[in-house]
Amino acid sequence: MTTLLDFVSYSDWVLHTLIWMPILGIIPVLWADEQRVKHVAFWWSAVVFILSLGLWWAFDPTVGGMQMESATPWIESWGVSYSLGIDGISLFMVMLTTFMASISILASFNYIQDRQRPFYALMLILEAGVVGVFLATDLFLFYVFFELTLVPMYFIIGIWGGARRIYAAIKFFLYTALGSLLMLVGILYLVYRAKMFIGAPTFAYSDLLQVPLSGTEQLWLFGAFALAFSVKIPVFPFHTWLPDAHVEAPTPGSVILAAVLLKMGTYGFMRFLLPLFPIAAQHPVVVTTMLVLAVIGIIYTACVAAVQSDAKKLVAYTSVAHMGFVVLGIFALNLNGLQGGLIVMISHGISTGALFLLLGMLYERRHTREIQEFGGIARVAPWFATAFVITALASIGVPGTSGFIGEFLALLGAFETHKVLTLVATLGVIFAAYYMLPMVQRVFFNPLDKQENREIEDLSKRELAILAPLCALMIWIGWNPTPLLDRMEPSVQVVLERLDEAILEDQARVGDEVNEPQVVDGGQE
Amino acid sequence: MYNALGISVQGGQATVETAAQFQPFFPGLIILLPLIGFLINGALALRHAQVSASAVRLGGELDLDEGGHLPATHTLPSYVAPGVMLVAFLIASVNFARMLSVELHDPHVIEYWTWIATGAFTVEAAIQLDQLSILMTMIVTGVGFLIHLFSVGYMRDDAGYPRYFSYLNLFIFFMLVLVMGASYPLMFVGWEGVGLCSYLLIGFWFSDREKSDAGKKAFIVNRIGDVGFLIAMFLLFGMFGTLDFVPLFSQAADLEYGSRLVTAVTLFLFLGAAGKSAQIPLYVWLPDAMAGPTPVSALIHAATMVTAGVYLVARSSVLYALSPIASATVAGVGVLTALFAATIALKQNDIKKVLAYSTISQLGYMFVGVGVGAYAAGIFHLMTHAFFKALLFLGAGAVIHSMHHSLHRTNNHQDPQDMRNMGGLRTFMPITWGTMWVATFAISGIWPFAGFFSKDEIIWQTAAFGGAAKAPYPMLYQVYWVIALVAAILTAFYMTRMMVMTFHGASRTGVEEVKHLHESPPVMWIPLIALALFSVVAGWINVPEALRETFIGLGPLTGEWLHHWLEPITEQAHHIQELNLGEVAEQAPFGGGEVTWALVSTTLALVTVLASFQFLRRQNVKVAAEDTELSGLSKVLYNKWYVDEIYDRLIVQPLIKSSRFCWKVIDARVIDGVVNGVGWAARALGFIVSMFQTGTVNMYAFVLTIGALIILGVSVF
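Protein chains in written order, with the numbering used here: chain A, 1 to 525; chain B, 1001 to 1717.
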């Protein structure tokens, strides 16, 4: 495999292709006739996914830094360049994006009936935008992609959404746009400081890492970035856009939103927040605040989820709880925590994506999402019920599924540094059962007492083809996450080393004044 | 790397030497076979469900006997499911025999692949073969096979037959992961896996809301315990940097006796054990779990899964030995549960409910055993209980099966599980009657049945532990000892009551109905006979030395064999105990040695059985429909001390109410209030918003996006 990839010099073009090919896909999609457009879009995205698969082999798991890097000057006077790269943190995010994009396009076949061409074009732009976010190594480029994802998502919700789609779309847009505006200010300040330090403005990630920042500066910048990312994740209390957006969004929109868009936030934490502002990120107040918010997110949203009557809203709230585990893992600031957080990101992408797909399929059959309208469906749709139960179990982190690995590692990591908070977070395991099992019961079990439910069809071949790989991945990762963890580890190490170095440098600086060096709970295991 | 002196020694070297001695025989297959069975049966189940779904969709039910022969999806599981179990049991037996023939001191660990490996934490997918795990494996596969066999008869007419066996096989798979896993995380996989299967099997008849609820309750209550298990693992990882049994326990010996950390770990572990093994305060799920098919109750909720907590404590014996507080807690919770559940069992009328509370009570005894440092005794009772309680449940299943058929044939809608509707079944079901009496003698602790040896061992060890030279809380253990004796008497009483109400006296089933009562087919009574045999002889493998003279020896198997067999597992714990507590007492608190008290307890049990038999036989039991309302203590006991109601009032309802508050007030009013305020201000500006509401704006923005991208593209290339 590696030989083949070398032969076509895969590493040289793949990253560009993963961004530009979906964009180029707009042309055939807009050009195809209304009947064929969905097939064109699906196969186009499938090819993108297949191309991205090569990354599994082309990626060197022993290297911690960026790989397959390339940089082309773009706006030279500002120091902006079109530069891409991939490492162990972004690798699986990219693969998850290309995978879930094709899956959700395949899942749109029945759901999207009108205005298909713009819909599929927007999906492809969205895919390009998200891949761009994960690959950009220039902060300007990153910001462009980060904002670019807003636009197609806004229209997907606003045009193909449910009854309150306009409200949801605007709420989504304003929430996230306001959040990221502050980040833009932060980026500009960073570039300004870079200019002072290097002599020329630069947006390049690797350059910005060199810029020395005082503790106060770091705290302010951290705040600006953290707000943007926290809205995106979302972290409690910035989460209320999410349930509305999910409930109104069409199924493919929800899938993409849950599976990859939210990950841009936690990715931002790992890629930018920790390495760029290492002192602030290790400040006890900051860490405690983030952990407390994460723990509230885990428990509070689980409770709120449990009392929802709309199944989709329920799953939307559980997303906040799951992302709480990611934030918990990240601010454990150690290997187990960060690697666990990354696995939760992957697992949540797959399992929550699958849950939204399944609820969408249910909606297509019954045109309702009210839990009480269902009951006993397992009797008429056994494949459907089986897929749903497997997904639900992965979602609540039953061992043997991907969900367990991530949550376990994130909690294990967090426990090393914050015992009491992690103890509370672990209770989330109970709350997960508390929100998920009653829903499963009321939809799939209980008496089959409604005639409409009796007529529900089981999964079609297309639907099975969508769900089977997802379920297989959940179980495979549950039993063999090591290949994933191996590829992440060196890159996570780089982040942690940077945190430690920053503390040492800071101590060296402070050490002149204070004799006694502080003992800081760093990221070492 | 267990070491008699508690000093960690040359790790790798010792393992290599033992590996040469003990040759395992395809141990991986033992786990793999039930998994294969699950996959085959699962595929059949889905196929079968698909066919019956189309019948349901038309408003009917699938007629199984259409055309006179059953479909393949209904016949294949009868061979596949018990078949894989039999082969797994045989392979386990070979391993057991090989282990018997060698001196295996250190556990034999076989690694398959690296399961989880971050830079800081590694755990292998590995199984551990040692005296404890092989014994558990034998019980799980052996009793499991018999119950699979019984199920072939019991579940034959059920529409979900292949699905039933797929769950059952999956359960065995996870149970084997639990007992054979070489590390806490792997054990936890089995731990939650069996909980999952228990959930699926309790709610097997998921169209019934009550049964479905019971499954859900089991899962959620179990997860409360699982949190304890998880936190214990986090603590252990912090202490040792590993969660693999072998390196962890060899380091554990260096810990300080009674340190707070060890106490915390062991108490959290016990929370997990209390959830899985239905101890106070987390026992409430087990009585409800009786909603599942009766063989499931026998396998999961009596013989195997619920004993996992006892296994966990025994496995972690080194840690428990280091914490006198945790050990006292384990024993205390155990003895209280034993008594508490026994009182409830006194007044239950549902035959399965009696057995459920009896199981909770007996599990309590096992925890007393492992709580007083008699780890082998706890495991001993686990084993004998697996036989006689599985037998009792299967016997009850046979009774219910027969009752169900006769009530069904006569269109009678009485409850087939209510003992008030039974009576006099002895004449119709002699094999069931006889074997169940054997089990009743065993559980009551009557010599020479199995339960006598195991239960008496625990009660005696409680007294002896309390009398140890430096016992931490001697008075406490004396109280435990008295309660254990009282609960034993209650056990003999409620079991006799169950037998009398079911099998003796006049029949209350109804004149027409009686004609349809019948003994079970051989596929069901053969397992009963086999289990009855074990319910007698299983106790003989661990006869205490003191009793040996009074017991006619049975060759090499007598004389505390099990105790010695498990020594490599427990010796480290015993060593810690001896160091810190001194020698255990030879006399009970009120005087008298082991033999005396064994005689006293078996006499008490026998007298209770005989007296209550005479007393209850003459009692006039009314059928369920005509029974009068209870009052006073009887009512409280019948209603299970109202614990479920108290939990509902104190925990469940407040949780739901506060969840609603979080949603309706905090989320919708507070947070969204702020957000909408900001949004309203934006709307007042009006500009953007009004633009978004014109129908064509999407094309505008679309063009905008494309434009931006083109600029981006052009400036790059």
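Since the hints were made in silico from the structure, they are not lab data.
One or more hints might be untrue.
[Unchecked claim] Mimicking EDC-like on lysine to aspartate or glutamate, the simulated pairs with C-alpha atoms at most 20 angstroms apart in a straight line are:
#1 A:LYS195 - A:ASP207
#2 B:LYS1353 - B:ASP1415
#3 B:LYS1664 - A:ASP12
#4 A:LYS450 - B:ASP1415
#5 B:LYS1664 - A:GLU370
#6 A:LYS450 - B:GLU1061
#7 B:LYS1347 - B:ASP1627
#8 A:LYS450 - A:GLU501
Keep in mind that this is a model prediction, so the values were computed, not measured.
Verification of the supplied hints:
no.	hint	result
1	A:LYS195 - A:ASP207	holds (10 angstroms)
2	B:LYS1353 - B:ASP1415	holds (13 angstroms)
3	B:LYS1664 - A:ASP12	violated (53 angstroms)
4	A:LYS450 - B:ASP1415	violated (27 angstroms)
5	B:LYS1664 - A:GLU370	holds (17 angstroms)
6	A:LYS450 - B:GLU1061	holds (16 angstroms)
7	B:LYS1347 - B:ASP1627	holds (13 angstroms)
8	A:LYS450 - A:GLU501	violated (64 angstroms)
Checked against the numbered hints above, the structure breaks hints 3, 4, 8 and satisfies the rest.
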